[in-house]
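*Asks:* Got chain R; can you put chain U on it based on the hints?
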Amino acid sequence: MTAVAASQAGFQRPSFWRRTQNSRTAYLFLLPALLVMAIITFYPLVFQVWMAFTDFQLKNLRPNSPGPAYVGFDNFTRILDSNIVIPNFDFVRVLTFNLFWAFSNVVIHVVIGVIIALILNVDGLRFKRIWRAIYILPIAIPPIIVATVWRNMFDPQYGAVNQAINGTIGVLFKLPPFQLDWLNQPNPIFAVGPLILPLAYFALLTANIWLGWPLNSVVATGALQAIPKDLYEAAEMDGAGYWSKFKTVTLPFLRPAMLPFAIYGFVITFNLFALSYFMSGGGPFGQTELLVTTAYRLVQEQHLYAVAAAFAIFQFFILLIITLATNRLARATASFDA
Amino acid sequence: MTTPAAVAPRIEIQPIARTATGSGRRLKLGNQVVLQLICLLIGSTVLFPVVWIVGMSLDPRNIARPDSLIPPGANLDAYARVLARPTLNPVSFFQLALNSLSLAFIISALSVGLGVLAAYSFSRMKFRGREFLMIAVLAVLMLPAVATIGPLFVSLNRVRLGGFNLGGSLLGVALAVTSTQLPFAIWNLKGYLDTIPKELEEAAVVDGAGRFQAFRHVVLPLSTPVLAVTALFGFIAGWTEFITAQVFIVGDPSQWTLAVALNALVGQYAGSTPWSTFAAFAILFALPVMVVYLLLQRWIVSGLTVGGVKG
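If you're matching them up, the sequences are chains R and U in order. For the record, in the first sequence the residue sitting at position 21 is 699 according to my numbering, with numbers rising by one throughout. For the record, in the second sequence the residue sitting at position 126 is 131 according to my numbering, with numbers rising by one throughout.
Bound conformation, chain R alone (with noise of 0.2 Å):
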């Protein structure tokens, strides 16, 4: 104790100014991101929570109008009771759809991606830079490209599917014309509880596959390709077959590249506007709708900006529990030190 005490006498303790050099410092690389953020991305997620009490409309658009009332939850209220002016909206339902789209999509592009990626591994096969090449190409592709591309695919006079249908097993068995419009079967294919697929979703599932699966099979050869090759030899020697082969030794390299990737890739499907926005249109009666296409429903098209502030709120929270329980959050801000 004593020694402590005649340290901190003999030696000046630094002054603040020194002390505080490293964050200053900091804060000047930061300060022109940090000043732009907090014009263009806090304020208005503070001024959001504000709105989301009003009856902000279009009318409190224009210069010099009086200030919106406050109205308490209402908005919320409204949103959970499904009481927004918007058609066929039913929160429950498109919450649980939003959940399923997202969710069997990233399985579905996991596994795709996975199995292509393990063929165009197997040693020895010619061509492998060919198909990497032509494989890739739906990456390129501006996704609202794709989201009309694929309406059109779907159109039920003039798209692919259905010519396709019609030049093999309409003319092998002279079949009529078969003109099934994907898009708009008012009859669900599953309805359970609050979970309804139209046929519509499979339409848009069939979309996505071919968007989602090449980029998961890219994530899936680079760990591929990091495995060392003795240690399959290793394994041969101990006599394991293709499918213990793939368990002990390709499948723990491939999940701490692939499962970071798939909770990206839930979280960008979650919130993937373009495919039901132009392939579906969110319908039939609304049954393909998303939170993003929900939200930018009521702003665009009935201009109920206070409900759409309260429904970002909502939006908000979903994408934070999902985070959450995926638990990376707190994983990856920890690596300054790794």
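It is possible that part of the hints are untrue.
So the derived list for chain U, only partly shown, Cβ under 7 Å to chain R, looks like this [stated by the list, open to error]:
#, residue
1, P65
2, R133
3, G155
4, P156
5, N162
6, V164
7, V210
8, A214
9, T245
10, L299
No lab work stands behind these hints, which were simulated from the structure alone. Computed from a prediction, not measured in an experiment: that's the story for all the values here. Glycine residues also receive a C-beta, built at the ideal position from the N, C-alpha and C atoms.
*Replies:* Coordinates of chain U only, in the frame set by chain R:
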């Protein structure tokens, strides 16, 4: 060597297609043929929509019925129509592309320029509030752009200078898209900067360089690939942005971007769609992105995965 569980495969910025073709064992002919057929089948499902849309764009009947790969009387009329006047408004394709281009450029420059400074600070320095700010940035990253569009639109509409209304301008759209691109850029860049050894900068500092000089002369040159990739992501996001553009500028056709015009062609309220025009438009819209993407493929894919695989 090490046990598999201990080794987290880290994908580095390097060509992804670097495979050991030819090495290892040979494949039996039967297996080779079966696998090639499977690959061909997968390849044809991948290429089918692309072939379909190209065929449609060449079809002179302006419907979507390319019964053969090159439809009878194939011509480039649809492309001529698109270039002259793609929508019902008197706006040329060139004007739309120019709007999209300037939007993309502003977003790309803002997100990378501001993002790399912030990412450097997060990656290299220890300071009060670091964890809090990083979580704040990450939380924003999770939010879809559409979630803040209402308040952004409302507050940008209040910025009016004479006849200029920020909430109804391309610059407003650029700011709105930057608000979602910047957090992504910060996070993506930080993930890469974390992989650059600190010793390099420390050496520079020992030699008398300041923090900023070390950043400029050591870190920036080393992170060129990831800077390029992040800039490209910002660029593509701007080039294809639909939601904010539609909300902000749909009322003023002279400011329309390609995405807004595409929606006017095939959107829900577009009525009967001139499919050949649409196809030609879609191809001209997607082509620049596709060419750049395929040229820089190896960098893009590894640039995207480096942030995701870490952590």
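*Asks:* Which hint numbers doesn't this structure obey?
*Replies:* 1, 6, 7, 8
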